[in-house]
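Whenever a hint applies, use it, and build me the whole structure from the sequences.
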Amino acid sequence: MLLGQIEVKKLSDSARLPTKGNTDDAGWDLYTNESVTIPSGATVLISTGIAIALPKGHVGLIWDRSSMGVKGVHRHSGVIDSGYRGHVKVCLHNTTKKPYHIKNGDRIAQLLIQQISTFELHEVEELDTTDRGFGGFGSTGR
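First residue of the sequence shown: 4, per the numbering used here; consecutive thereafter.
It is possible that some hints are incorrect.
[Claimed, not checked] Ranges between beta-carbon positions, derived for each pair:
# : residue 1 : residue 2 : range
1 : V127      : D28       : 38 to 44 angstroms
2 : G139      : D28       : 31 to 37 angstroms
3 : I9        : S38       : 25 to 31 angstroms
4 : G139      : L20       : 40 to 46 angstroms
5 : G24       : G136      : 41 to 47 angstroms
Note that these hints are calculated values from the structure, not bench results. Since the structure is predicted, the reported quantities are computational estimates derived from the model, not experimental observations. Think of the CB as a built atom: it goes at the ideal place given N, C-alpha and C, for glycine as much as any other residue.
Following this line, the structure appears as structure tokens:
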């Protein structure tokens, strides 16, 4: 179901607009507009060469591409708020023992656009009780 259009601006001639491999895919592929080598164990901020205007009530979440994640290259952070109009960059970390080479035009991450709910936080003295209570990490079993 198509909900509308989202404006995307190229910030350089070498930038590519996000694409989907299939119409029903959840994520839009993000491309780099520069060639980069990520040294072993390093984290690098990589240019996409685009800016995006997400509608109010939505957020852009940057996720790993499975083909890079399986090779040991993962994204760090990745929240694009609806009010942000700046350059979209992707922070990638190389967990391998070898440098990882990315060429200009390579797909480097996925952008998921999701609707969000907004709330006000209200400080209280006590929280309501639940069946789970304080059970945290591993509290529900293996």
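Cβ distance range 41 to 47 angstroms for G24 and G136, holds or violated: Once the Cβ atoms are compared, 44 angstroms apart, the range 41 to 47 angstroms for G136 and G24 holds.
Using the C-beta atoms of V127 and D28, is the stated range 38 to 44 angstroms upheld? holds, 42 angstroms
So the hint says 25 to 31 angstroms: do the beta-carbon atoms of I9 and S38 match that? holds, 28 angstroms
Look at the Cβ atoms of G139 and L20 and judge whether their distance stays inside 40 to 46 angstroms. holds, 43 angstroms
Per the hint of 31 to 37 angstroms, is the separation of the Cβ atoms of G139 and D28 within bounds? The hinted range 31 to 37 angstroms holds for G139 and D28, with Cβ atoms some 34 angstroms apart.
Consistency note: the structure conflicts with none of the earlier hints.
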